[in-house]
Amino acid sequence: MYETDDNNCWDDAEKMAFLAYELYENGQMNLALLQLEEAIGVNPNNSAWHFNAGLTLDALDRFDDAIKAYLEALSLGGDDPEILNSLAVDYTRIGKYDLAISTFEDIQRDHPDFEPCYCNRIITYTEMEEHEKAEEIFYLAQQIDQDCPICFYNIGNSLFSRQNYERAIWCWEKTAALEPTHPQINYRIAQAHWANGNTELAKRYFLEELRCKPGNVDVILDFGTFLLKNGEYDKAREKFNRILELDPEYAPAYFYLGETAYDQGNGAQAAKLYSEAITYDSTLPGPQYRLAQLANDAGNKPQALKFLMQECELEVDESEVLMSMGRMFAELGEADHAMNCYLKIIDEDPEHAEAFYRLGQTLSKEGEHEGGIQFLEHAINLGKDGAETLAENAMLYLKVKQLFLAKRMVKLAKEKDATNAKVKRVDMLVKVAMVLFKAKLNLLSNIPVQNIKLFFYRRKCQFRQLINKFNRK
21 MYETDDNNCW
31 DDAEKMAFLA
41 YELYENGQMN
51 LALLQLEEAI
61 GVNPNNSAWH
71 FNAGLTLDAL
81 DRFDDAIKAY
91 LEALSLGGDD
101 PEILNSLAVD
111 YTRIGKYDLA
121 ISTFEDIQRD
131 HPDFEPCYCN
141 RIITYTEMEE
151 HEKAEEIFYL
161 AQQIDQDCPI
171 CFYNIGNSLF
181 SRQNYERAIW
191 CWEKTAALEP
201 THPQINYRIA
211 QAHWANGNTE
221 LAKRYFLEEL
231 RCKPGNVDVI
241 LDFGTFLLKN
251 GEYDKAREKF
261 NRILELDPEY
271 APAYFYLGET
281 AYDQGNGAQA
291 AKLYSEAITY
301 DSTLPGPQYR
311 LAQLANDAGN
321 KPQALKFLMQ
331 ECELEVDESE
341 VLMSMGRMFA
351 ELGEADHAMN
361 CYLKIIDEDP
371 EHAEAFYRLG
381 QTLSKEGEHE
391 GGIQFLEHAI
401 NLGKDGAETL
411 AENAMLYLKV
421 KQLFLAKRMV
431 KLAKEKDATN
441 AKVKRVDMLV
451 KVAMVLFKAK
461 LNLLSNIPVQ
471 NIKLFFYRRK
481 CQFRQLINKF
491 NRK
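Going by the working numbering, the residue at position 244 of the sequence shown is 264; the numbering climbs one at a time, nothing skipped.
Bear in mind the hints are in silico, worked out from the structure with no lab data behind them.
Remember, it's a predicted structure, so these values are computed and weren't measured experimentally.
Quick reminder that beta carbons are idealized off the backbone N, C-alpha and C, glycines included.
Some hints could be false.
20 Å max Cα-Cα, derived SDA-like pairs, lysine to any residue [as the list claims (entries may be wrong)]: (1) K442 with L432; (2) K326 with V341; (3) K292 with Q323; (4) K427 with K444; (5) K431 with A407; (6) K442 with L423; (7) K88 with N63; (8) K419 with E408; (9) K442 with G406; (10) K451 with L432; (11) K427 with E408; (12) K194 with Q162; (13) K436 with D405; (14) K451 with R428; (15) K153 with E135; (16) K88 with L119; (17) K364 with E354; (18) K436 with K451.
If you anchor each label on the Cβ, the simulated ranges turn out as follows [to be verified]: (19) G285 with E57: 54 to 60 Å; (20) N46 with M329: 43 to 49 Å; (21) P268 with E42: 30 to 36 Å; (22) N286 with V455: 55 to 61 Å; (23) F83 with E408: 48 to 54 Å; (24) V420 with E156: 50 to 56 Å; (25) E45 with Y253: 41 to 47 Å; (26) G287 with L221: 30 to 36 Å; (27) A79 with E408: 34 to 40 Å; (28) P370 with E156: 23 to 29 Å; (29) G251 with S95: 58 to 64 Å; (30) G217 with F457: 52 to 58 Å.
All chains, full assembly: derive it from the sequences and hints.
Put into structure tokens, the structure is as follows:
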């Protein structure tokens, strides 16, 4: 390719690297990467070019390739903290948290005043759900730079994930004050106010974010969902239609338009919109679940089951949706699928009382009363200890003939609500069972009865002796 002398080749490589920088700044990442790759092909020993290639690959979300570029840059350029920091950030992005933490610690050891190694470590600890460590690192970062907007933003994310919304808002407002152009900062404050129940402030910050970036589809979708949840159907519909003006094949917009119709009782229109969402993205969780609900409500059990099974193949992770799916599966006689839904909830939330309760119910209906008792007991211990749950558990104890435990459960249920119809019925059944049990005990302890049993036992022995004697002959 190069027919000139070596100096000209190196000059050309420098020009390519400079052009790559300009392309990167203009957002033309693929072209920038091509220029860098050609420059590196001429001079593979330039650490800065490998580093720039890593940054460009990061912009393209090619994190594994970026890590390779950073490692190559480090092998050529020593322990540069900027390169190490970028490497640690990418380790976090791909979930290699141990490597990320050890890399950040290496920077801290050799360059203790390099503030980004503290700032970005907050993200790593937040993703690991080690929030106390995230706060420790935040305060270490504060000793170096008290006005780092990214530090306040990152610790805000940690606080938000712990549902400490007021402190998260304070941190994000601090970020906005220090860096008004910080990406999506008003959006994050809006989400926190929404989660904290302050709808007016949430709306204000949503609108502020959209004034800055009116074409941001993610923010428009979230704002539309916010309006939908608040019952502002016309405004929500306008937001979702706005997204379709920007991207006519954006499946979530069709889904939420369907949700708007569904909430307003227009099932036929909702079904049409859900089907359109599936047309554009068959992997989108939600539409097939809703179609299953509509089919089930219409009495079309086979169609409901078909849609439910298709929804199960997707990555559904919302507890509320999984709970509803589990109940539908149970209603349709698919106990195994119902239990799988409840188990998914428990995998994410081991203290989800309702999921344990539903597991207990499903097992007991399948005749697995011992397992049903264990799950119901656990649900009760987790706080689902209402009168009806206690009565159901008492009924299961009756079925496995543990009368005194059933009696104890009924007593607890009556203390909660003695007027409940289910409690009354189980109480009556327990009382009948106890009467029969006592009658049986009295019968067995009665002397004439014992004599009759002894007589028949002796007769049985005599008959056995005669038979044995006959067999010997």
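Right, here's what the structure says about each hint:
1. K442 with L432: holds, 13 Å
2. K326 with V341: Holds, because 17 Å separates the two Cα atoms, which is no more than 20 Å.
3. K292 with Q323: Holds, at roughly 15 Å.
4. K427 with K444: holds, 12 Å
5. K431 with A407: holds, 10 Å
6. K442 with L423: Holds, because 18 Å separates the two Cα atoms, which is no more than 20 Å.
7. K88 with N63: This hinted pair holds, its Cα atoms lying about 17 Å apart.
8. K419 with E408: holds, 17 Å
9. K442 with G406: Holds - the C-alpha atoms of G406 and K442 are around 12 Å apart, at most 20 Å.
10. K451 with L432: Satisfied, since the Cα-Cα distance of roughly 15 Å is no more than 20 Å.
11. K427 with E408: Holds. K427 to E408 sits at ~14 Å (cutoff 20 Å).
12. K194 with Q162: Distance ~13 Å between K194 and Q162 Cα, so the pair holds.
13. K436 with D405: Holds: K436 and D405 sit about 9 Å apart, inside 20 Å.
14. K451 with R428: Holds: K451 and R428 sit about 12 Å apart, inside 20 Å.
15. K153 with E135: Holds: K153 and E135 sit about 16 Å apart, inside 20 Å.
16. K88 with L119: holds, 14 Å
17. K364 with E354: holds, 16 Å
18. K436 with K451: holds, 18 Å
19. G285 with E57: 54 to 60 Å: holds, 58 Å
20. N46 with M329: 43 to 49 Å: holds, 48 Å
21. P268 with E42: 30 to 36 Å: Since P268 and E42 have Cβ atoms about 34 Å apart, the given range 30 to 36 Å holds.
22. N286 with V455: 55 to 61 Å: holds, 56 Å
23. F83 with E408: 48 to 54 Å: The hinted range 48 to 54 Å holds for F83 and E408, with Cβ atoms some 51 Å apart.
24. V420 with E156: 50 to 56 Å: holds, 51 Å
25. E45 with Y253: 41 to 47 Å: Given about 43 Å between the Cβ atoms, the range holds.
26. G287 with L221: 30 to 36 Å: Distance hint for G287, L221 holds at roughly 35 Å.
27. A79 with E408: 34 to 40 Å: Violated, at about 56 Å.
28. P370 with E156: 23 to 29 Å: holds, 26 Å
29. G251 with S95: 58 to 64 Å: holds, 59 Å
30. G217 with F457: 52 to 58 Å: The hint (52 to 58 Å, Cβ to Cβ) holds, given that G217 and F457 are roughly 53 Å apart.
Going through the hint list in order, the structure does not satisfy hint 27, though it satisfies all others.
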